[in-house]
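Construct the complete structure from the given sequences, taking the supplied hints into account.
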Amino acid sequence: MKIKATFLDEISYDIPHQNWGVEEWDKDFQAMKAVGIDMVVLIRCGLRRQMTFPSEVLKREQSCFTPSTDLIQMFLDLAQKHDMKFFCGTYDFGISAIDPNYDPDAEAKVIKEVNDEIIERYSKHPAFSGWYLAQEIAGDGYRAADCYRDVAKRLKEKTNNLPIIISPFMRGSKVAGQITVDPKLHEEQWERILSKLQGLIDIIAFQDGHVQFEELPKFLKINKRLCDKYGMDCWTNAETFDRDMPIKFLPIKWDKLWWKLQAAESAGISNALTFEFSHFMSPNSCYHAAHGLYKRYQEYLASQKEEK
Amino acid sequence: MKIKATFLDEISYDIPHQNWGVEEWDKDFQAMKAVGIDMVVLIRCGLRRQMTFPSEVLKREQSCFTPSTDLIQMFLDLAQKHDMKFFCGTYDFGISAIDPNYDPDAEAKVIKEVNDEIIERYSKHPAFSGWYLAQEIAGDGYRAADCYRDVAKRLKEKTNNLPIIISPFMRGSKVAGQITVDPKLHEEQWERILSKLQGLIDIIAFQDGHVQFEELPKFLKINKRLCDKYGMDCWTNAETFDRDMPIKFLPIKWDKLWWKLQAAESAGISNALTFEFSHFMSPNSCYHAAHGLYKRYQEYLASQKEEK
Amino acid sequence: MKIKATFLDEISYDIPHQNWGVEEWDKDFQAMKAVGIDMVVLIRCGLRRQMTFPSEVLKREQSCFTPSTDLIQMFLDLAQKHDMKFFCGTYDFGISAIDPNYDPDAEAKVIKEVNDEIIERYSKHPAFSGWYLAQEIAGDGYRAADCYRDVAKRLKEKTNNLPIIISPFMRGSKVAGQITVDPKLHEEQWERILSKLQGLIDIIAFQDGHVQFEELPKFLKINKRLCDKYGMDCWTNAETFDRDMPIKFLPIKWDKLWWKLQAAESAGISNALTFEFSHFMSPNSCYHAAHGLYKRYQEYLASQKEEK
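Protein chains in written order, with our numbering: chain A, 1 to 308; chain B, 1 to 308; chain C, 1 to 308.
For the record, the hints were derived by calculation from the structure and aren't laboratory data. Warning: the hint list may mix true and false statements.
No distinction is drawn between identical chains; accordingly, a pair holds when it is met within one copy or between any pair of copies.
Said to hold, decoys possible - Okay, derived cross-link-like pairs now, DSSO-like style, lysine-lysine, Cα gap no bigger than 30 Å in a straight line:
hint, residue 1, residue 2
1, Lys221, Lys153
2, Lys196, Lys248
3, Lys295, Lys153
4, Lys305, Lys59
5, Lys153, Lys27
6, Lys85, Lys4
7, Lys196, Lys81
8, Lys184, Lys109
This is the structure:
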């Protein structure tokens, strides 16, 4: 059970920025590679008025501010340099799929236009390896499935069937102020969503942080069963930040990450994506507890090797 | 558009202390100077029971605790050493000007007494260059204008017309739990306040963090127009901490600071004060994201130079 | 007035983990020793589903997760290496003593069983020096006194009268959402509790962070008087994190710690335990403000020496 991929959390909803330039990122890609991460997933190419590249579409349609750096270009070049795969996140309106104002068609329209621009600008880059649909939903966010479907179909056609990832969340007891689902309802809701996405989504990596540790194996087994049924690859999004502490958010305690990786392994899952390396488990992170997490993870990798 | 000045946030309402001694401060003044900051503004000389120097008045009138270090003396000496100007903040009762219990006359009485003590102790120091009126108000805090007026008049008389700064805030949508003003009301409210302060306040640096980025140019233009009308120097208080994140507060994302500096420039403003260098953009900060912000700001300064 | 002891906050309710391994802990015990701390107190051996050693009792009774490291063994060995005393915290259900569901007998039953296991596994270790009763109560938590009594009696019998510590809190105005006690009520409540614990508890170290600084001397004098009356040793738990800031929690401002140590000294108290060294005042802490606090505390120790 290894962490194979990490999100790149530029632009973020809730994680403060590290203010890294290309040198700092270069060093961090190197640190990722050293522990076996060879895939980076840009979490979104834009959010509300912010964007990661100077998009003409987003300037015109969403009045986005011009960024100081073209981050997609920078991440693609660094991925190539370090022999890693780059997956590109789509634009995010910042409206929840259970919000009455959520309009999947309006969202899909802009996302597709931005994707076309990304395809034109970057898709020929040797490191460009796939897509990530940025909207994060739980099982009650089924209305987003139409948007996913619409966007994914066009991506499959226009970029030669490149793989597409989603990373939903489970409505466990750690979702603030929300109704908790039981495993049965979780399974019904996702049955309904995944049946619409067959052949369009390649990898699903459910976020592992919202359910209690003791309930995790149960939920992960459901996820695996559903993915198998619909021909999708079931990963886990092994979150490396701690959801149980008053400071939202700092690096997770190693033991908690270890329990979650064990739970995924016991459910038959063999790959993990993480949110995310650079703040929460990097030796370069502004949070020093991440340096410790990196060391503990290295020790874990060494012990895994010995076992074999 | 350059950051010329920074607050020194000892004593703070909401920013945890770095526990620096004179050596750490010395190093930090050097880092300020290296990026063109040559003015430091002590944000307040005392707050409720805390004070920055062993004031007899504050011990007697406010039962303040004795500080372990005379910070005013230390900052003056360091300012002189690094060829910088020191501005002294007044005492702060910690009562908002819109609180029904707020009493501008009672506040002014104590503040003036403390200022007299400061004048006697420190005003002959070569680095002593001006004053900062510590109470932070928005346009609805007009009752504080009487206190400002009363205090400023006496300072002008007793310290030979040394410059006086204020740094109010704009009641934008990022003020927690408050009614947001529109630009028109903002202008009316500040017209009323500034008309009372003509000839007494030299520099106004509105805090730039409470309005949405897209609304900032509009508000900054109003501020500039009003300052021009009343013969005051219009600066911006370019906040270097991020108001959009759940952790209150960590360093701002460089792009956001850059957008705000651009907005100020487009409004005809040419100087910025910041809250504040030592936590949020210093290479010595306990928050490592500040180290990155310092580097990005250095790159910005270098690029500005090239443009000319 | 010196800090003689520190808690080890593994496992924590609210302080994010540093992800240290044995090397990092070794270095930190060395830093403790260098400023005169020669006693470490494990804050709890388990909390809800987490535990610090592979306890058969806790696996069976509380379905606890297996930890990656036997922390009790590691801390005992490090304590021995650095010539320090180790005090072992009991198991914590995580239920407040004022919660209607709190059951002192049910709690005592499990705690005693776990303690028996600890005694068997670790009590012969040369560094094993005493016990800490983990449940934290205020004066209204008198129902826990029965649990304390029951547990302490058995510990006294089975481990040859080793010293036992408790560290309650005072219901001051900094306890979130709670009714504040006045000194008189505080004294009455603790009179009632301590009268039940005579001969069983050796050291009481009240947490010093919940009452306003100006009220602290008054409360500490009451604590000292009560401890003297019941033949217990009165320490202070000099908290080294700041309760006044929006980020919960970062290192305290040195001046605040200094005022609290002075208040304890003036009440006739001569020893302090702290919560806790490794996050909040260690030169190895992930929070850099702790490095400053360590330096300021070293300067304080040097100045104390000079005074004598």
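Cross-check of the supplied hints:
1. Lys221 <-> Lys153: within (28 Å within a copy, 47 Å between copies)
2. Lys196 <-> Lys248: Cα proximity of Lys196 and Lys248: none, with 34 Å in one copy and 41 Å across.
3. Lys295 <-> Lys153: Classified as neither; 41 Å inside a copy, 42 Å across copies.
4. Lys305 <-> Lys59: between (49 Å within a copy, 28 Å between copies)
5. Lys153 <-> Lys27: neither (36 Å within a copy, 56 Å between copies)
6. Lys85 <-> Lys4: This pair counts as within: shortest intra-copy Cα distance 11 Å, inter-copy 43 Å.
7. Lys196 <-> Lys81: For Lys196 and Lys81, neither the intra-copy (37 Å) nor the inter-copy (62 Å) Cα distance is at most 30 Å.
8. Lys184 <-> Lys109: neither (34 Å within a copy, 36 Å between copies)
The structure fails hints 2, 3, 5, 7 and 8 (numbered hints given earlier, in ascending order).
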